[in-house]
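Residue numbers (the working numbering), protein chains in the order written: chain A, 1350 to 1756; chain B, 1350 to 1756.
In short, the hints are calculated from the structure, not lab data. A few of these clues could be false.
Since copy identity is lost for identical chains, a pair holds within one copy or between any two.
As the list claims (entries may be wrong) - Using 27 Å as the maximum straight-line C-alpha spacing, the simulated DSS-like pairs for lysine-lysine come out as follows:
| # | residue 1 | residue 2 |
| --- | --- | --- |
| 1 | 1618 | 1749 |
| 2 | 1373 | 1716 |
| 3 | 1728 | 1716 |
| 4 | 1692 | 1749 |
| 5 | 1686 | 1442 |
| 6 | 1702 | 1442 |
| 7 | 1749 | 1507 |
| 8 | 1442 | 1413 |
| 9 | 1373 | 1702 |
| 10 | 1702 | 1557 |
| 11 | 1686 | 1519 |
| 12 | 1373 | 1519 |
As the structure is a computational prediction, the values presented were derived from the model and not from experiment.
Protein chains: 2
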Amino acid sequence: MKQITGGVTAAKGYKAAATAAGIKYQDRTDMAMVYSEVPATVAGTFTTNVFKAAPVIWDRNIVKKTGKAQAVVVNSGIANACTGEEGDLYCQKTADAAAEALGISADAVLLGSTGVIGMQLPVDKMQAGAKKLATLLDDSIEAGSAAAQAIMTTDTHKKEIAYELTIGGKTVTIGGMAKGSGMIHPNMCTMLAYVTTDAAISHEMLQKALSQIVVDTFNMISVDGDTSTNDTLLVLANGMAGNTEIVAEGSDYDQFYEALNAICTFLAKEMAADGEGATKLVESIVEGADTKENARILAKSVVCSSLTKAAMYGCDANWGRELCALGYSGVQFDPMKVEMYFKSGDTTMLIFKDGAGVDYSEEEAAKLLANDHVQIISKMNMGTESATAWGCDLTYDYVKINADYRS
Amino acid sequence: MKQITGGVTAAKGYKAAATAAGIKYQDRTDMAMVYSEVPATVAGTFTTNVFKAAPVIWDRNIVKKTGKAQAVVVNSGIANACTGEEGDLYCQKTADAAAEALGISADAVLLGSTGVIGMQLPVDKMQAGAKKLATLLDDSIEAGSAAAQAIMTTDTHKKEIAYELTIGGKTVTIGGMAKGSGMIHPNMCTMLAYVTTDAAISHEMLQKALSQIVVDTFNMISVDGDTSTNDTLLVLANGMAGNTEIVAEGSDYDQFYEALNAICTFLAKEMAADGEGATKLVESIVEGADTKENARILAKSVVCSSLTKAAMYGCDANWGRELCALGYSGVQFDPMKVEMYFKSGDTTMLIFKDGAGVDYSEEEAAKLLANDHVQIISKMNMGTESATAWGCDLTYDYVKINADYRS
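Bound conformation, chain A alone (with noise of 0.2 Å):
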């Protein structure tokens, strides 16, 4: 398995396109599509919010009646949720439009929608977006990365990643998109994230793949605690790399799982990196746990924990609000048992031990904490599971674009 330049345009088949439909933004593209030349085989996880968005409605009825499509149209600015019976016709009629622009059925075209919620869609520039985007569709490199930044909302940089590996002889290709960067909490999804792969994959098989691996990437994020209503993350597989369908698990499989994984744990961190108003990617990682859920628990406590992630804004080793985020967790642990260290790059320090803070040079922790990418690793010392997840910081930025995120 090897990482290759692109993003949703990188594996068979597939094209994509950008757009500025004049949404809500004036001043840059908002509108993206990606296409498959076949129908492909679609995978899908969906917030978990009371409150779904259309489009989210739309693509989960998709994914669940045929498991098949070959069109997404996602548009940014405006979310669609909390529409009411207009956000669900307006998913209708810009879904037509798509259809007849590419001669496909409307049960095809799966759709997103990022922004503002409460907002109804200016129907007529979506339906207009999504018959130019049908005109612009290319199957280069340069295409899937207008797209990855057609789909941005307050993101600082598009995110795309892609990979390629040999199935059973072929060479099979993965490549996704995705965007952030605030609402981000994920429950069984992300905001938006958008896999496409030429691998030849049953429905059963990747929706497989997908659910396990979302519990440990995308589920494992939080630039902010809230659950968006629009989180979507959907794979689609074309079969034309013509592998033999993998149908079943087995070595195959476990090939495609790991390309898939390594994905979705790229496009997971750059959320988490570029949350909004972040200066740097926090990694919790928990060793030692008693459970595997268990670990997840404790390793997202840390990184959900404002006053810890204030601190790591201020490059303060203020550790007792890590052991803080810890203990209440909900996680039953011995804390006389625990350890921990902040790490960066090749540098380590531990911290805490024996119930008890350890003599570390503060000096050497601020300077360790100012870096762009900080690690605190926490041994629980009660068993043999381990998990990671991901933050950021919590800045004076993140405050400022969400005073006034509507303005």
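Guided by the hints, dock chain B onto chain A, whose structure is given.
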């Protein structure tokens, strides 16, 4: 029942004092004592954090074993949490010093600490402070206020209140003090809150009342989602009012309960309103939930949402965030039945109904949200249960305070 001036010294037989012991701060009082002339029945609730501060463990033992105490010694600046065996030893030494000076037993001395986690207390200064405090004890209102002032950390003002009521023909007084204002997301209790009363009430009934009341008062506030290692709420009842001891439910108990509930509600709201960096109190009222527990979860989810809190700071009626927080709370409900209102003073605005936003004036909403006390009312229309949670906005100052808390 009527509100009167004062706090912990309002009830008969209580004295208090404050001193600048130089624990960590150099320019302010940082140690307080509350003393009852006669042994008082004591009830308490404490943090559920696995890392319990040494004074929490100390107090819990006293409440469980004897249910009696005569003095409380509290310091600010250092939390004596995550301090190992040394921290436990310093509790013993502080209690010993206070006990000797007061001529009582060390197991009648309750302790409280708040401040930085992980630092060791300067035990000589604690001992000297405890001895000094014993000589300064005074039953004046001012002495109670001085104690409320000394226990503050990042609080901007002291929090105290007192009520007077009649039980069985006798005048009973109940007063309390508390401090916030960061690491506030109490689970079974809050940072530090102390209530004194001259009522005669058994340990069982006092603990029963307190344990019920915390669920809808201190456990319903959140400043930053971080449940402290030091949360302690103690009530001392010395019986000096001369009422027939309350040993069972009935009208005497109900009256006492009402007063204790009013004290705890006031102190909890004060703590939320004075959250670190806060500019306003945000009150989330949920009505028509199917169960009481679900009403509490829904109400609290709204005040805990970082995005809601940032929008409140910006006076932005970005109501999708409040709905989103209801939606990810874990409680199931019908999103089409929800109605949401913003309220402040006499102005109430309907914002959301029938699954979509209603036509309201953004200008009027922004004006409403600019007040220092804002209510978000969510009518679930799923049943008849209601609950209220209190929080505050998320501001630049919260980040500033917590990015360099230790410096």
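Results for each hint:
For the homomeric pair residue 1618 and residue 1749, the shortest alpha-carbon distances inside one copy (23 Å) and between copies (26 Å) are both at most 27 Å. For the identical chains of this complex, residue 1373 and residue 1716 are inter-copy neighbours only, at 25 Å across copies versus 42 Å inside a copy, given an alpha-carbon limit of 27 Å. Taking CA atoms no more than 27 Å apart as the test, residue 1728 paired with residue 1716 passes inside one copy only; the shortest distance there is 23 Å, against 50 Å between copies. For the identical chains of this complex, residue 1692 and residue 1749 are inter-copy neighbours only, at 24 Å across copies versus 30 Å inside a copy, given an alpha-carbon limit of 27 Å.
Proximity of residue 1686 to residue 1442 under the C-alpha cut-off of 27 Å is restricted to the inter-copy arrangement: shortest distance 26 Å between copies versus 59 Å within a copy. Taking the shortest Cα distances, residue 1702 and residue 1442 sit within 27 Å of each other only across copies (24 Å), while inside one copy they are farther apart (60 Å). In this assembly of identical chains, the alpha carbons of residue 1749 and residue 1507 lie at most 27 Å apart only when taken from the same copy (21 Å versus 29 Å across copies). With identical chains, the CA atoms of residue 1442 and residue 1413 are at most 27 Å apart within one copy only, with a shortest distance of 21 Å there and 66 Å across copies.
Taking identical chains as interchangeable, the C-alpha atoms of residue 1373 and residue 1702 lie at most 27 Å apart only when they sit on different chains, with a minimum of 24 Å there against 52 Å within one chain. Taking CA atoms no more than 27 Å apart as the test, residue 1702 paired with residue 1557 passes in neither setting, with 40 Å inside one copy and 38 Å between copies. For the identical chains of this complex, residue 1686 and residue 1519 are neighbours neither inside a copy (50 Å) nor across copies (53 Å), given an alpha-carbon limit of 27 Å. With identical chains, the CA atoms of residue 1373 and residue 1519 are never at most 27 Å apart, being 44 Å at best within one copy and 67 Å at best between copies.
Hints 10, 11 and 12, counting from the list given before, are not met by this structure.
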